[in-house]
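Asker: Here is what each chain is made of, one letter per residue.
Protein chains: 2
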Amino acid sequence: MSILFSVIFFVFILHSLLASTEGFVMNYYNSIFYNQTDQHNSLQCNLDLRLIKEIRNYQPIIYSIINRVTKGDFKGLVYEELSNFTDKFGSRQSGTENLEKSINYTMDLLRHYNLENVHGEPCMIPVWIRGKEYAEMITPRNHSLNMLGLGGSISTPPDGITAEALVVNSFDELHERAAEAVGKIIVFNQDYVSYGETVVYRSKGAVEAAKVGGIASLIRSVTAFSLYTPHTGQQGYDKNVKEIPTACITVEDAQMLRRISERGEKIIIHLYMEAHQQQMKMSRNTVGELVGYQEQKKIVLVSGHIDSWDVGQGAMDDGAGAFVSWFSVALLKNLKLQPKRTIRAVLWTAEEQGLIGVQQYIKDHFNELENFDIVMESDEGTFTPEGIEFAGTDSAACIMQEIGKLLTPLNMRKFKVRDSVSSDITMITKYGVPGATLLNKNDRYTWYHHTNADTMTSLDSNDLDKNVAAYAAIAYVIADLSIEIPRENSIF
Amino acid sequence: MSILFSVIFFVFILHSLLASTEGFVMNYYNSIFYNQTDQHNSLQCNLDLRLIKEIRNYQPIIYSIINRVTKGDFKGLVYEELSNFTDKFGSRQSGTENLEKSINYTMDLLRHYNLENVHGEPCMIPVWIRGKEYAEMITPRNHSLNMLGLGGSISTPPDGITAEALVVNSFDELHERAAEAVGKIIVFNQDYVSYGETVVYRSKGAVEAAKVGGIASLIRSVTAFSLYTPHTGQQGYDKNVKEIPTACITVEDAQMLRRISERGEKIIIHLYMEAHQQQMKMSRNTVGELVGYQEQKKIVLVSGHIDSWDVGQGAMDDGAGAFVSWFSVALLKNLKLQPKRTIRAVLWTAEEQGLIGVQQYIKDHFNELENFDIVMESDEGTFTPEGIEFAGTDSAACIMQEIGKLLTPLNMRKFKVRDSVSSDITMITKYGVPGATLLNKNDRYTWYHHTNADTMTSLDSNDLDKNVAAYAAIAYVIADLSIEIPRENSIF
Numbered sequence: 006m007s008i009l010f011s012v013i014f015f016v017f018i019l020h021s022l023l024a025s026t027e028g029f030v031m032n033y034y035n036s037i038f039y040n041q042t043d044q045h046n047s048l049q050c051n052l053d054l055r056l057i058k059e060i061r062n063y064q065p066i067i068y069s070i071i072n073r074v075t076k077g078d079f080k081g082l083v084y085e086e087l088s089n090f091t092d093k094f095g096s097r098q099s100g101t102e103n104l105e106k107s108i109n110y111t112m113d114l115l116r117h118y119n120l121e122n123v124h125g126e127p128c129m130i131p132v133w134i135r136g137k138e139y140a141e142m143i144t145p146r147n148h149s150l151n152m153l154g155l156g157g158s159i160s161t162p163p164d165g166i167t168a169e170a171l172v173v174n175s176f177d178e179l180h181e182r183a184a185e186a187v188g189k190i191i192v193f194n195q196d197y198v199s200y201g202e203t204v205v206y207r208s209k210g211a212v213e214a215a216k217v218g219g220i221a222s223l224i225r226s227v228t229a230f231s232l233y234t235p236h237t238g239q240q241g242y243d244k245n246v247k248e249i250p251t252a253c254i255t256v257e258d259a260q261m262l263r264r265i266s267e268r269g270e271k272i273i274i275h276l277y278m279e280a281h282q283q284q285m286k287m288s289r290n291t292v293g294e295l296v297g298y299q300e301q302k303k304i305v306l307v308s309g310h311i312d313s314w315d316v317g318q319g320a321m322d323d324g325a326g327a328f329v330s331w332f333s334v335a336l337l338k339n340l341k342l343q344p345k346r347t348i349r350a351v352l353w354t355a356e357e358q359g360l361i362g363v364q365q366y367i368k369d370h371f372n373e374l375e376n377f378d379i380v381m382e383s384d385e386g387t388f389t390p391e392g393i394e395f396a397g398t399d400s401a402a403c404i405m406q407e408i409g410k411l412l413t414p415l416n417m418r419k420f421k422v423r424d425s426v427s428s429d430i431t432m433i434t435k436y437g438v439p440g441a442t443l444l445n446k447n448d449r450y451t452w453y454h455h456t457n458a459d460t461m462t463s464l465d466s467n468d469l470d471k472n473v474a475a476y477a478a479i480a481y482v483i484a485d486l487s488i489e490i491p492r493e494n495s496i497f
Numbered sequence: 006m007s008i009l010f011s012v013i014f015f016v017f018i019l020h021s022l023l024a025s026t027e028g029f030v031m032n033y034y035n036s037i038f039y040n041q042t043d044q045h046n047s048l049q050c051n052l053d054l055r056l057i058k059e060i061r062n063y064q065p066i067i068y069s070i071i072n073r074v075t076k077g078d079f080k081g082l083v084y085e086e087l088s089n090f091t092d093k094f095g096s097r098q099s100g101t102e103n104l105e106k107s108i109n110y111t112m113d114l115l116r117h118y119n120l121e122n123v124h125g126e127p128c129m130i131p132v133w134i135r136g137k138e139y140a141e142m143i144t145p146r147n148h149s150l151n152m153l154g155l156g157g158s159i160s161t162p163p164d165g166i167t168a169e170a171l172v173v174n175s176f177d178e179l180h181e182r183a184a185e186a187v188g189k190i191i192v193f194n195q196d197y198v199s200y201g202e203t204v205v206y207r208s209k210g211a212v213e214a215a216k217v218g219g220i221a222s223l224i225r226s227v228t229a230f231s232l233y234t235p236h237t238g239q240q241g242y243d244k245n246v247k248e249i250p251t252a253c254i255t256v257e258d259a260q261m262l263r264r265i266s267e268r269g270e271k272i273i274i275h276l277y278m279e280a281h282q283q284q285m286k287m288s289r290n291t292v293g294e295l296v297g298y299q300e301q302k303k304i305v306l307v308s309g310h311i312d313s314w315d316v317g318q319g320a321m322d323d324g325a326g327a328f329v330s331w332f333s334v335a336l337l338k339n340l341k342l343q344p345k346r347t348i349r350a351v352l353w354t355a356e357e358q359g360l361i362g363v364q365q366y367i368k369d370h371f372n373e374l375e376n377f378d379i380v381m382e383s384d385e386g387t388f389t390p391e392g393i394e395f396a397g398t399d400s401a402a403c404i405m406q407e408i409g410k411l412l413t414p415l416n417m418r419k420f421k422v423r424d425s426v427s428s429d430i431t432m433i434t435k436y437g438v439p440g441a442t443l444l445n446k447n448d449r450y451t452w453y454h455h456t457n458a459d460t461m462t463s464l465d466s467n468d469l470d471k472n473v474a475a476y477a478a479i480a481y482v483i484a485d486l487s488i489e490i491p492r493e494n495s496i497f
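Keeping their order, the protein sequence lines are chains A and B.
Going by this note's numbering, the letters in the first sequence line up with residues 6 to 497, in that order.
Going by this note's numbering, the letters in the second sequence line up with residues 6 to 497, in that order.
Calculated from the structure, these hints are not laboratory results.
Hints should not be assumed to be uniformly reliable.
[Unchecked claim] Simulated pairs of lysine-lysine, BS3-like, Cα-Cα distance not exceeding 30 angstroms:
1. B:K435 / B:K93
2. A:K271 / B:K93
3. B:K271 / A:K80
4. A:K303 / A:K216
5. B:K271 / A:K93
6. A:K106 / A:K93
7. A:K137 / B:K106
8. B:K93 / A:K137
9. B:K446 / A:K446
10. B:K435 / B:K76
11. B:K80 / A:K271
12. B:K271 / A:K106
13. A:K93 / B:K137
14. B:K106 / A:K271
No experiment lies behind these values; they were computed from the predicted model shown.
Between the sequences and the hints, there should be enough to build the whole structure, so can you do that?
Answerer: In structure tokens, the structure reads:
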């Protein structure tokens with residue numbers, strides 16, 4: 006017993022002696038806390054130890070942020086506010102009165118949670134009306150095809166389009182079989198690889214179909230999994246190519262049509278769509294702030310978009326993203342954590358029609374961009390957060406990674422650098438402003454995306470709380486740090 | 006080297022000597038092959054070693070069955086035939102001309118694959134017509150509720166029903182709040198526990214709602230997962246309780262309605278249904294055989310049901326079950342494996358309306374039941390097979406488990422005894438006939454069940470092949486064994 010005690014005592018003494026040296030503290034800290042997955046392509050960081058220490062000194066504040074929203078009286082509150090919101094308004098498509106009412110409601114909510122300078126900033130947005138629509142296979146048998154017109158599509162003629170289908174698995178196959186395409190409805194049955202790679206069939210399918218003489222196009226929904234679920238989304242015409250009506254169908258029907266066509270059977274489809282564009286309308290980007298105590302004009306921006314497609318409730322895309330963003334500012338206000346610089350929540354309008362709101366915002370705030378320390382956005386799901394995804398210089402990434410280590414109590418250990426992150430904020434980061442979003446466990450994101458299944462049921466209250474904690478923590482530290490996030494490699 | 010060689014030689018000699026003793030062979034065999042998960046509630050088996058040996062002697066034949074359908078020219082064929090079938094006919098609801106055409110087609114197919122005595126056996130079946138139907142929440146806002154009327158439901162009055170909703174989470178809550186229920190549409194938002202436990206809300210929700218004065222009922226779909234997917238299914242009225250219209254809604258909407266009602270907001274729903282029963286029609290159970298070479302009148306029955314709900318394509322429920330059943334007989338025919346007794350494939354009609362086809366079959370074959378060695382059915386999914394589920398006496402279960410060990414090359418190692426298995430055949434096993442189905446990895450079964458997502462996309466060709474191999478193997482061994490599967494504990 007006495008020998009064992011001596012050994013323990015010796016180790017304790019040695020530990021105490023070594024703990025006073027900075028190097029030991031750092032190594033110890035790293036080994037205990039920060040066994041992060043290094044996903045930043047071998048970024049070599051050599052941060053100033055004083056900066057590392059400064060960042061790590063925020064850990065007690067980060068704990069207070071995390072505890073308040075994962076255990077305290079803010080626990081579950083963002084889910085409750087978001088369900089109040091989505092149950093009240095449902096989907097919030099650009100151009101609808103409903104979207105504008107939901108913006109009014111949200112501004113009241115931001116004021117209720119004591120955000121400052123709450124206001125809307127006007128923005129003209131496009132108005133696309135879906136109207137009545139349906140598609141049916143009428144040969145070789147009658148079968149209704151579950152479908153959704155794609156955003157921006159034109160209508161069919163009043164009697165619809167009845168034509169033979171050409172079913173292809175890829176653009177390459179379409180080009181090889183171009184001679185067969187004239188006068189046909191082109192059905193794309195592309196395999197799902199990833200959202201980023203596969204979505205081109207949605208965004209450009211109509212253009213490619215029209216180039217070879219197709220008179221309408223039906224796209225297999227872009228998703229990793231389907232329960233006979235059509236997924237809408239924006240598509241774009243090419244001004245040099247004839248516009249044709251275009252819609253998505255389900256994975257199930259696309260595969261069936263392919264099987265039937267591979268048997269050499271003729272397929273005839275009837276498509277009817279009333280889709281059309283209307284005159285632009287006025288909407289608003291919604292803004293609220295936590296004003297800094299020292300450098301008020303320096304901005305850390307957290308954001309999401311408040312509009313949604315006209316299906317489901319826009320709970321995941323992007324009600325949850327918008328709400329965790331402004332709610333992270335509300336949480337800091339409630340904790341009376343006022344940083345040096347200003348934290349600004351922005352809820353973009355008309356993201357789904359092509360990042361419309363943010364583009365107006367840039368026009369109106371162009372001279373302010375140089376004051377933006379970082380722009381953040383949540384528009385890739387609010388599932389269990391696992392880390393940070395960052396767009397910026399290497400030296401900025403090193404600082405961001407160090408800040409990210411403060412989130413290990415949330416079990417967030419990943420860090421990834423990409424050329425651009427999220428959706429709206431890509432329009433800002435292209436001017437050199439650093440950008441960030443959370444890396445979430447979002448395997449199921451595409452299952453719900455742009456569908457009727459985008460409801461509160463897809464969300465988890467505890468995950469929303471963790472997202473709020475993470476955005477609040479990152480925003481607070483960046484807004485309060487002695488230095489700004491660098492934009493040039495040379496700064497560090 | 007010479008010492009190592011001597012050791013190897015010694016082990017080889019010892020092995021050869023021991024291998025000739027039955028006990029060693031059994032132990033060796035067990036340890037290498039049959040590390041099965043014992044799921045039969047500690048059933049103590051003490052089978053005659055000669056019987057064990059007889060069963061194990063079938064292993065080479067079982068390999069030939071498995072190889073032909075998982076590697077040979079039968080690989081993928083059942084998926085192809087089933088997709089030909091479902092793509093051609095789609096759903097096959099009882100009472101439709103389409104079901105009868107699909108039965109004609111299937112009989113031709115059975116003949117094409119050389120099944121013997123192929124014929125249909127007449128059966129009168131009920132005809133329920135869904136008609137036009139919809140449901141909408143009109144207060145506190147307009148929101149279309151995705152719904153499906155439940156099988157057997159009556160219609161609403163021609164103007165529909167517009168009434169306040171009472172949302173409850175359980176029958177208990179309904180009874181506690183019975184005073185609030187009068188004149189209301191009762192919405193059941195029961196949690197999903199398991200299909201077996203939760204389906205009572207679908208089958209009896211309307212009766213329980215009517216008992217307390219409800220004028221219609223909407224049931225949260227019975228499923229473990231939803232993408233805004235309504236799940237239909239049969240429900241039953243009670244002759245002593247007023248009949249009210251009843252439908253299912255999605256998990257998502259049921260949860261939303263509950264949240265809204267918990268906020269104290271009044272919900273008004275408009276429900277319109279044209280559902281009604283029509284005069285019974287003639288349908289057929291489809292039969293085909295592989296006639297035994299010795300005891301032709303002794304029967305091993307493999308089955309599935311050919312009818313489906315009027316949504317999706319009835320690919321999983323139960324096109325796949327029906328097809329793997331008759332295809333297992335086709336495989337044996339093709340392999341020229343003729344057992345002692347007859348193997349009979351039966352494709353039941355009108356299972357979904359309450360096991361109608363099998364009940365007529367029992368009436369017509371009651372005296373033949375004593376000749377049934379075993380009845381099998383696939384109606385719980387055709388996902389990756391993992392073992393056998395059996396209903397019968399302990400001594401029969403011991404034999405069945407031993408036969409099941411022949412399926413370890415398919416990685417099927419589970420064995421479970423239950424009071425009854427599958428659907429249609431429960432009507433036969435209650436007369437003492439042993440019954441069996443496959444235990445499959447069917448976690449996702451309820452995701453597709455009775456929905457528009459029940460399509461070929463939910464199925465995997467390799468899994469179908471394995472199901473065919475397993476049914477063919479079990480049917481062949483039982484039909485060829487020196488003994489019949491016992492019905493009484495005392496036999497062994």
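Asker: Of the hints stated earlier, which fail here?
Answerer: 1, 4, 7 and 10
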